[in-house]
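Protein chains in written order, with numbering that gives the first Met the number 0: chain A, 0 to 166; chain B, 0 to 331.
Be aware that one or more of the hints could be misleading.
[Unchecked claim] Pulled a few chain B residues facing chain A out of the computed Cβ check, cut under 10 Å: (1) THR242; (2) ASP244; (3) ILE256; (4) LEU297.
By construction, these hints were calculated from the structure, which means they are not laboratory data. All C-beta atoms in this analysis are idealised placements derived from N, C-alpha and C, irrespective of residue type, glycine included.
So you can see what is in the structure, the chains are spelled out below.
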Amino acid sequence: MQISLKLELSDKPGQLLAAIKPVSDSGANIISIMHQRDAAASDGTLIVDIVVSLPQGRLGQLEAALRSNGIEIIRIGTDHLTCTKTFILIGHILHTDLTDTINRIDKANVAEVTELHIVMPGITQPSTAKLTIKAAGSAEMDQACKLLMEIAEEKELLIIDEEGGLA
Amino acid sequence: MTPMRIALLGLGSVGKGVAKVLANPEYGFVITAAADSKSGVVAPAGTTLDMCEVFARKNATGRCGDSAWSAERIVREAEYDILVEVSPTNAQTGEPALSNIRAALMRGKHVVTSNKGPISIAYPELSATAKEHNAGLMFEGTVAGAVPIMNGLRCGLAGNRVNALFGVLNGTCNYILTRMEEEGLTYQQALAEASDLGYAEADPSADVNGTDAAIKLVILANTMLGMNVKLDDVIRVGIDGMTADALMMAAKTGHTIRLIASIHPEKRLLEVSPRLIHKEHPLVVDGTLNAVTVDTELAGPITFIGRGAGSVETASAVLADLLALKERYDGK
Numbered sequence: 000m001q002i003s004l005k006l007e008l009s010d011k012p013g014q015l016l017a018a019i020k021p022v023s024d025s026g027a028n029i030i031s032i033m034h035q036r037d038a039a040a041s042d043g044t045l046i047v048d049i050v051v052s053l054p055q056g057r058l059g060q061l062e063a064a065l066r067s068n069g070i071e072i073i074r075i076g077t078d079h080l081t082c083t084k085t086f087i088l089i090g091h092i093l094h095t096d097l098t099d100t101i102n103r104i105d106k107a108n109v110a111e112v113t114e115l116h117i118v119m120p121g122i123t124q125p126s127t128a129k130l131t132i133k134a135a136g137s138a139e140m141d142q143a144c145k146l147l148m149e150i151a152e153e154k155e156l157l158i159i160d161e162e163g164g165l166a
Numbered sequence: 000m001t002p003m004r005i006a007l008l009g010l011g012s013v014g015k016g017v018a019k020v021l022a023n024p025e026y027g028f029v030i031t032a033a034a035d036s037k038s039g040v041v042a043p044a045g046t047t048l049d050m051c052e053v054f055a056r057k058n059a060t061g062r063c064g065d066s067a068w069s070a071e072r073i074v075r076e077a078e079y080d081i082l083v084e085v086s087p088t089n090a091q092t093g094e095p096a097l098s099n100i101r102a103a104l105m106r107g108k109h110v111v112t113s114n115k116g117p118i119s120i121a122y123p124e125l126s127a128t129a130k131e132h133n134a135g136l137m138f139e140g141t142v143a144g145a146v147p148i149m150n151g152l153r154c155g156l157a158g159n160r161v162n163a164l165f166g167v168l169n170g171t172c173n174y175i176l177t178r179m180e181e182e183g184l185t186y187q188q189a190l191a192e193a194s195d196l197g198y199a200e201a202d203p204s205a206d207v208n209g210t211d212a213a214i215k216l217v218i219l220a221n222t223m224l225g226m227n228v229k230l231d232d233v234i235r236v237g238i239d240g241m242t243a244d245a246l247m248m249a250a251k252t253g254h255t256i257r258l259i260a261s262i263h264p265e266k267r268l269l270e271v272s273p274r275l276i277h278k279e280h281p282l283v284v285d286g287t288l289n290a291v292t293v294d295t296e297l298a299g300p301i302t303f304i305g306r307g308a309g310s311v312e313t314a315s316a317v318l319a320d321l322l323a324l325k326e327r328y329d330g331k
């Protein structure tokens, strides 16, 4: 999963390392770091925006490590994922391992499934799901779409996509 | 001015529509030969056929004329200026229409057809044969019935590069999706309703699995966009797995689902598949209407909407082609 962290650091030497080390210790990859010294707060703190790609279930560990290094976490979110696309899936979505479908998209680290709504009319009947995927940009979204199409073919799911320019 | 003589192949609903329209002498055409799949009839030299009589005979006997006059023989031996070929489509081989069109062109006869098979399978060859023999080959009725998409692209939008083309080209699918959305019908219920109303074929599989729309895409790609593609090049996903829940979910964000046929010429991508589309988009037409949005370089997006099937509607496209031929070749 990709997440963005807005951190508040003391404006003194070594603080950036104190913020970065817990990230690498948690098994995450840093996608981008942005800090502007001009934006330093008058109280001697510095705001740093970091986007990281993090293995599932490690966010708590990362938060704890950052806090123990004296770093203030102002916000955790997915606000860097500005490209959103909605898909409708039809088929045996649950019986073909829904968790696996979502994990495979999330673990590719190009995009995230941020919303899922599923309707299951009967155990033998096909289900219908609405899936929202968010990515950092159109290239990442294209990769996620390709992956979703591969999964759909393998699991015999019908995917209804938005057509560029029509939606 | 002497009327141009027409040999009419195909006396089904489109053939009937064509005969009805051409009965008006103001258009300047007469029918001198006609054939169905089993028989044919040729007017004696210098005379014309009474099509009411021909259809009455067909109704009474199942044949329009004499089995000695097959469609093939009419094409090769009868006297006519334009072959109007409106027999049913064979999407696999294009036959027997393909051979008949080829033979007519080789005699230097003009051809107007609403038959998708021959144009989707053999357009480059037929176009070259027409050119070689100084004959016209027109086929507006093959795509989207009465909607003048080809003449619109060829004339009205001449010179414009097409960046992309999106179409709702199958009325049966559009009707089914519209009814599922409006009434919450299941796919099977909506299909049964379309069959009861005569919108769906006895075997609707080519409609609902996207093949019919894909054939029309191939025609547009090859004849209008200078591509050289075959039916197998079109990615095809049908609507037979559609659920009413999917349409309800789409509606919650102001969208609907339509079977969209699309061409992206630069990517050489042709696709027919159900797509989420905003309800406000001009392509979202109801019932059996067809619509095509062409995204052009100079004119921007332009959408054509109209009746995609029906005997008189297809006859409208055939008539437009006939009048264009008359303007170009009359007196030859």
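Outcome of the hint check:
About 5 Å separates the beta-carbon of THR242(B) from the nearest beta-carbon of chain A, less than 10 Å, and the hint is met. The criterion of a C-beta within 10 Å of any C-beta in chain A is met by ASP244(B), whose closest approach is roughly 4 Å, and the hint holds. Checking ILE256(B) against chain A: minimum C-beta separation of about 6 Å stays under 10 Å; hint holds. With its C-beta approaching chain A no nearer than about 17 Å, LEU297(B) sits outside the 10 Å limit, and its interface hint is violated.
Violation of the numbered hints given earlier is confined to hint 4; every other hint is satisfied by the structure.
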